[in-house]
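Protein chains in written order, with the working numbering: chain A, 920 to 1037; chain B, 3 to 115.
Some hints could be false.
[Stated by the list, open to error] BS3-like mimics (lysine-lysine), calculated; alpha carbons at most 25 Å apart, straight line: (1) Lys-1029/A with Lys-21/B; (2) Lys-1029/A with Lys-989/A; (3) Lys-43/B with Lys-1029/A; (4) Lys-992/A with Lys-43/B; (5) Lys-43/B with Lys-922/A; (6) Lys-11/B with Lys-1029/A; (7) Lys-922/A with Lys-38/B; (8) Lys-20/B with Lys-1029/A.
[As the list claims (entries may be wrong)] A short, non-exhaustive set of chain B residues, derived as facing chain A with CB atoms under 7 Å: (9) Ala-33; (10) Leu-47; (11) Val-57; (12) Asn-59; (13) Gly-109.
What the hints contain is simulated information worked out from the structure, not anything from laboratory work. Predicted, not measured: the structure shown is a model, and the values here were computed from it. For every residue, glycine included, the Cβ atom is placed at its ideal position computed from N, Cα and C.
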Amino acid sequence: AQKITQTQPGMFVQEKEAVTLDCTYDTSDPSYGLFWYKQPSSGEMIFLIYQGSYDQQNATEGRYSLNFQKARKSANLVISASQLGDSAMYFCAMREGPFAQAGTALIFGKGTTLSVSS
Amino acid sequence: DTEVTQTPKHLVMGMTNKKSLKCEQHMGHRAMYWYKQSAKKPLELMFVYSLEERVDNYSVPSRFSPECPNSSLLNLHLHALQPEDSALYLCASSQDRDRTGYTFGSGTRLTVV
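For reference, chain A alone in the conformation it holds in the complex (with noise of 0.2 Å):
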């Protein structure tokens, strides 16, 4: 089974409107960090938000924030005012277990692919 699920191949925004990236995930670990990130058509991957299994407010980073929804086990991003350098690709991403536990990889859903026209 997938742990990390995002069902939208690609989303279409205009400049300016804010747009939700779905993302939910499957872990039975109570301890766990949710994790976003954002590649452009160069290859890089770019760390946007992070969202802790016990953190109790949603996270926010400038224009995104994270709609978390623990017991639906989703992890929402969303994007206020959308911008055309915000066209890219979209991943969630999952670690499981505490941050002490070194060498635990990142486990990935397979994207978005974000349009944002004029």
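Given the coordinates of chain A, work out where chain B should sit on it, guided by the hints.
The following block gives chain B in isolation, referenced to the frame of chain A:
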């Protein structure tokens, strides 16, 4: 500029060639990773190193051979690859207690002909 440096950025190799991919980080991170990204597939984790020791148990074809000479360097040796091995190979590093995530390199785009 990324703090994880991967070389080369592009590589074209024949199926009988031997080549190596290099990944270097100078952030003092204790863990390093190799991922393979094929078109329309999720990133596939290939190898994990923590404190220079391999700690994964993923089944990866033996034509891929990782090497971690020191805590800052992670190599991926390639031999007798197949065309389906053509992909973007991404290296990443992480530190314990790193809530900001994992730092990725820009990748090596590999084409096997």
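Status of each hint after checking the structure:
no.	hint	result
1	Lys-1029/A with Lys-21/B	28 Å, violated
2	Lys-1029/A with Lys-989/A	21 Å, holds
3	Lys-43/B with Lys-1029/A	6 Å, holds
4	Lys-992/A with Lys-43/B	22 Å, holds
5	Lys-43/B with Lys-922/A	14 Å, holds
6	Lys-11/B with Lys-1029/A	23 Å, holds
7	Lys-922/A with Lys-38/B	18 Å, holds
8	Lys-20/B with Lys-1029/A	30 Å, violated
9	Ala-33	4 Å, holds
10	Leu-47	5 Å, holds
11	Val-57	5 Å, holds
12	Asn-59	12 Å, violated
13	Gly-109	4 Å, holds
Hints 1, 8 and 12 from the list above are not met by this structure, while the remaining hints are.
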